[in-house]
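There are 4 protein chains.
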Amino acid sequence: MSLQVGVIGTGMIGQDHIRRLTRVLSGVSVVAVSDIDRNRAADAAPEGAEVFAEAGDLIRSDKVQAVVICSWGPAHEAQLLDCIAAGKPVFCEKPMVTSEAAALKVMEAEVAFGRRLVQVGFMRRFDADYRRLKAVIDGGTLGAPLMYHSTHRNASVPEGLYTSEMPLNDTLVHDADVTRWLLDDEIAGVEVRVPRRSTRGKDLRDPVVVLLHMASGALVDVEISVNIAYGYDIRGEVSCEMGVAALPNRPATVISDRHGIRQAIPEDWRERFIEAYDQEFREWIVAAGQGTATGPSTWDGYAATLVADAALRAVESGQTETVAMRDKPDLYARPVAAVA
Amino acid sequence: MSLQVGVIGTGMIGQDHIRRLTRVLSGVSVVAVSDIDRNRAADAAPEGAEVFAEAGDLIRSDKVQAVVICSWGPAHEAQLLDCIAAGKPVFCEKPMVTSEAAALKVMEAEVAFGRRLVQVGFMRRFDADYRRLKAVIDGGTLGAPLMYHSTHRNASVPEGLYTSEMPLNDTLVHDADVTRWLLDDEIAGVEVRVPRRSTRGKDLRDPVVVLLHMASGALVDVEISVNIAYGYDIRGEVSCEMGVAALPNRPATVISDRHGIRQAIPEDWRERFIEAYDQEFREWIVAAGQGTATGPSTWDGYAATLVADAALRAVESGQTETVAMRDKPDLYARPVAAVA
Amino acid sequence: MSLQVGVIGTGMIGQDHIRRLTRVLSGVSVVAVSDIDRNRAADAAPEGAEVFAEAGDLIRSDKVQAVVICSWGPAHEAQLLDCIAAGKPVFCEKPMVTSEAAALKVMEAEVAFGRRLVQVGFMRRFDADYRRLKAVIDGGTLGAPLMYHSTHRNASVPEGLYTSEMPLNDTLVHDADVTRWLLDDEIAGVEVRVPRRSTRGKDLRDPVVVLLHMASGALVDVEISVNIAYGYDIRGEVSCEMGVAALPNRPATVISDRHGIRQAIPEDWRERFIEAYDQEFREWIVAAGQGTATGPSTWDGYAATLVADAALRAVESGQTETVAMRDKPDLYARPVAAVA
Amino acid sequence: MSLQVGVIGTGMIGQDHIRRLTRVLSGVSVVAVSDIDRNRAADAAPEGAEVFAEAGDLIRSDKVQAVVICSWGPAHEAQLLDCIAAGKPVFCEKPMVTSEAAALKVMEAEVAFGRRLVQVGFMRRFDADYRRLKAVIDGGTLGAPLMYHSTHRNASVPEGLYTSEMPLNDTLVHDADVTRWLLDDEIAGVEVRVPRRSTRGKDLRDPVVVLLHMASGALVDVEISVNIAYGYDIRGEVSCEMGVAALPNRPATVISDRHGIRQAIPEDWRERFIEAYDQEFREWIVAAGQGTATGPSTWDGYAATLVADAALRAVESGQTETVAMRDKPDLYARPVAAVA
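Chains as they are written, first to last, in the working numbering: chain A, 18 to 357; chain B, 18 to 357; chain C, 18 to 357; chain D, 18 to 357.
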């Protein structure tokens, strides 16, 4: 039986997820949509889907079995609480919420409900390259991971719209989340260093280098360059006691011509992570069909919020800013077994 | 609306396609199955699917809109003719048929019907690496393709079951088909050379080197090694007038350890081409839903039959064996536009 | 005419340089040797070379035109001063000297002499890979360098002999020197972070991560792992405004076998840098034959001393330790043109 | 003591070898030069070297201990015979001689003399990449070599001067020689296939594909493209029973920019093989100093002559042309141990 899904927020990312749910993946139907712009919702609605004026009504509708939230970040808290109140599995795009207090409130509601319902949109965990990398680390033959070198490069960001806080509260969260997952470790402290500024970004603080101090003592450095012109280049290398494991180059055609022997680099995150987005939803559909959630949890969304806050403090203080997490509820004690 | 599919042949590959059609892809339902072993068919049938004793009855059933043929090669001819008679789109695993006469008969029936109905299972054309390679060649910046170096290596083949004819009539067809497609060219002649034999395969004629003489004059060499122990390694490099383009290494984790800096190699064709199989059916579903077929055609299945025959003659003669194709029907004159 | 060289210090590295000067390179003869162990000097002396009991006598000998210092670090100051007093070109293995005061004294003597005489043994500047990397950066097409990621991994270090200070005062100097040269920049500050410790090195502080703050604002991170088991792996990547340039993998045979597709990694620094050592002396011979020196200078040796001192302070303080260099004498204002 | 060398032929390659012998390598002096153009010889002569009008006089001069022949191919036979008559070690650029009869005559003279004196200029055997590749094959862990894929690409050849015979009698000899050496095998037969012609070379027969049938049964395919625009690209891959070993990419800087992630390709053979030429002479000097020769022998020069002849016949006949070698004299029975 097909999972009946309602989608809240029908902007660019919402429309892309509707396409994915209706044209790419099996076992799912989009039966309801909602947006603050009712016309946009109507345009995005697949045939037969009901358009709701209020997100809350969509969430509570009997025809909706599971919810996908693609609305504006500040709206997430109320929508997540509604989903939990209704006992419905929900996929929530990042940021899960925009404050520590909100994250704790959602977490408490889910813990009180007693079963995981929330999956947060950290798609890198579903990328085949990252998964193979994690499998190597978890295999243990290289010994314990001691350092992780993460590189996050964007060709460009929209001038004016992308501010100097965003490398730290918007871009960094992907590196932070995938680090926690890869190393099976928590972030205990954050430092930020600001190198010589790129002249391509005017007044933008770009690049930045972030150091993440993990609870185990492992040290992570993250290069974030958001205007590097040549492409969207995501790299990661784990340095262990007896060896090193790294993400491979992307599988582009090997061309030998007057520019050398070369392989193309993705232009943007859509090209780089399109399969990861598909897989993210593939697994969500299976878990949601069972009334629960797997993958990145409310706990992970909470961690991301704390790390972004700490990074913003660290750029001001120049010091190591502590990330103080509450005790981990049993609900998040160990990952729900991955869905095959 | 979902495409109602009937599957004929529920052996290993048939079962895998049923899994793909029911659990991976959207817009399709398996409503009927058939197998010469009725129990096997019943076991493989998804919930609600009807089990037919006779393939012909499945093909003609009103509930079946399109057919997937995974039966034994010698059975394909009659089943394809039945599908064409019923005007139903059909996906047929390779070999399309087992003789030139049969290929011509199917082609004549389809031409008489007046619309493409048959897609043959050459999955490499749907592989992302091959598609990017073709895009580079077609882009024309490297000039005309003059040579193609194709490498086809299996870790091992089942002793006793895999005979010395099979590198030429079973394995080579993939290289031959993908060559025709990559270079947009026909094979005009075939030579076979037999190197020093591998001691791993006992009496097996392994490896073999095949030269394909293309109609344009381009020359193709194919290494086929079917017992090379280390993995399933598919490579391809097009040498053009002003440059060279090649398939990349597979995107495995880059590990630096005591074995060097290294990347894993796929174990077998399932691992290597799993996404290509998914994509092959994704496109078939769309075309079949429109009552037609795209991708590898009856013409391509016919070409494969002729090339395999020529290769078997060439290994005996030591000479260049001509591949004499009939005139190309207009129906196959140019590819139907790829389905997005 | 052949350059007449005297070698001081005939331990392992001294013997290797004697081999290089007598058997590999042209235009040079070893005419004198000296060592605190006179027997070792006699054993190492090539045919016809005079063995001196005192380094000072060797330096002042009329038959010696240029000097190679491979003695114990603390002996370098006096020997360098003797060479300058004698107006003789001298190649000095690292560390140039062991204190800032000594570095300044040697510098003042050389400045007073009025011509460069001292070349310090930072061989990476002569490595073909590093030179090509520098050429790309200097070419300017990638824009200004903003970050440099340096990786320095040893398979193992001698237990007991290699102490926790050595990654910072012995190993780091190579990364620090090559950074100053690659970026054409000075180091203004040093931070050290100590990740989770490797269990392979017992009580050794290993690995360490060093941040170098360059005068231009460029930020450099250095991973130093000295017990990483798998090989001697030196990497470097410069992240610029519009692109990135990195050292390539070493040119080892590409083997595809059951361990994957792989290339060997050098075992140690001898294997990695043997050609760089040859080239280092090739250029020294030419400059010394003209009565002067090129390549790494007294200024560079002085910088290395300050950086090592700052790194040792930084590991204690946890803060950024400033590197305060004196004004740069005109003698070192710009590199002497490289010898072709 | 320095080896006293006379150089015959002071054209481009002769001048380059004089530079190498006087400015790069140790243990050798150029004491005599000769050229059909006496002025050119005088210009090329290093300080103190005697200029001879007649090559024979140079060879017989008491001051000359060993000879380097860089004259025109047709002059080699007489000059080699003179060297052997004088009992002097001789390095001879390729082609050793220009006919089978001449090769046999030189071989008989050397065999009669009873000690190897001749080293032929096949420099690839001294290239570090090829040597590592051979070490892997000889190590035996991959099993017997069954196929070798050799690729020989030039960016361009001088129009008008480079004729359609030259890919087969001038370019192919390098691939043929290195194949014999890598596989420790003889060439028993040669086939040539001519693909679609490149439009870049006007009437030039380019590219060509050559199949070499080795005595062991191993099969070798060689792509020769001499006008491929993008660079000088030499590749080689040995396909064995249990794995594959290949030459690596050249160690160029890895640049990520708008052209992709890329490495430069050498422009020409000088750039690609400069170190191999140095090493070739380094080893020759040692052997010549001992009154003999190592490396590629008269036997290898003879084989090259036969293969080139067979290739020219094969392009006409379209058939496999046999390479019939005389019995191998004991003098060439096994390689003289490589000089360290």
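Calculated from the structure, these hints are not laboratory results. It is possible that some hints are incorrect.
Since the list gives no way to pick out one identical chain from another, each pair is judged satisfied if it fits inside one copy or across any two copies.
As the list claims (entries may be wrong) - Below, in silico cross-link-like pairs of lysine to any residue (SDA-like), each with a Cα-Cα straight-line distance of 20 Å or less:
1. Lys151 to Arg213
2. Lys105 to Tyr179
3. Lys151 to Arg267
4. Lys151 to Pro283
5. Lys219 to Ala161
6. Lys80 to Arg275
7. Lys219 to Pro175
8. Lys111 to Asn56
9. Lys345 to Ala161
10. Lys219 to Gly160
11. Lys219 to Arg289
12. Lys345 to Val41
13. Lys105 to Glu176
14. Lys111 to Ser78
15. Lys80 to Ala293
16. Lys151 to Glu110
17. Lys122 to Ala59
18. Lys151 to Ala269
19. Lys345 to Arg287
20. Lys219 to Ser233
21. Lys111 to Ser46
22. Lys219 to Gly234
23. Lys151 to Glu117
24. Lys219 to Gly104
Here is how each hint holds up against the structure:
{"no.": "1", "hint": "Lys151 to Arg213", "verdict": "between (33 Å within a copy, 19 Å between copies)"}
{"no.": "2", "hint": "Lys105 to Tyr179", "verdict": "neither (34 Å within a copy, 53 Å between copies)"}
{"no.": "3", "hint": "Lys151 to Arg267", "verdict": "both (17 Å within a copy, 17 Å between copies)"}
{"no.": "4", "hint": "Lys151 to Pro283", "verdict": "between (22 Å within a copy, 18 Å between copies)"}
{"no.": "5", "hint": "Lys219 to Ala161", "verdict": "between (41 Å within a copy, 15 Å between copies)"}
{"no.": "6", "hint": "Lys80 to Arg275", "verdict": "neither (59 Å within a copy, 49 Å between copies)"}
{"no.": "7", "hint": "Lys219 to Pro175", "verdict": "within (12 Å within a copy, 50 Å between copies)"}
{"no.": "8", "hint": "Lys111 to Asn56", "verdict": "neither (24 Å within a copy, 49 Å between copies)"}
{"no.": "9", "hint": "Lys345 to Ala161", "verdict": "neither (23 Å within a copy, 45 Å between copies)"}
{"no.": "10", "hint": "Lys219 to Gly160", "verdict": "between (44 Å within a copy, 15 Å between copies)"}
{"no.": "11", "hint": "Lys219 to Arg289", "verdict": "neither (27 Å within a copy, 42 Å between copies)"}
{"no.": "12", "hint": "Lys345 to Val41", "verdict": "neither (36 Å within a copy, 35 Å between copies)"}
{"no.": "13", "hint": "Lys105 to Glu176", "verdict": "neither (39 Å within a copy, 54 Å between copies)"}
{"no.": "14", "hint": "Lys111 to Ser78", "verdict": "neither (24 Å within a copy, 48 Å between copies)"}
{"no.": "15", "hint": "Lys80 to Ala293", "verdict": "neither (28 Å within a copy, 35 Å between copies)"}
{"no.": "16", "hint": "Lys151 to Glu110", "verdict": "neither (23 Å within a copy, 36 Å between copies)"}
{"no.": "17", "hint": "Lys122 to Ala59", "verdict": "neither (32 Å within a copy, 51 Å between copies)"}
{"no.": "18", "hint": "Lys151 to Ala269", "verdict": "between (23 Å within a copy, 12 Å between copies)"}
{"no.": "19", "hint": "Lys345 to Arg287", "verdict": "neither (33 Å within a copy, 41 Å between copies)"}
{"no.": "20", "hint": "Lys219 to Ser233", "verdict": "between (38 Å within a copy, 17 Å between copies)"}
{"no.": "21", "hint": "Lys111 to Ser46", "verdict": "neither (22 Å within a copy, 34 Å between copies)"}
{"no.": "22", "hint": "Lys219 to Gly234", "verdict": "between (36 Å within a copy, 16 Å between copies)"}
{"no.": "23", "hint": "Lys151 to Glu117", "verdict": "neither (28 Å within a copy, 46 Å between copies)"}
{"no.": "24", "hint": "Lys219 to Gly104", "verdict": "neither (48 Å within a copy, 52 Å between copies)"}
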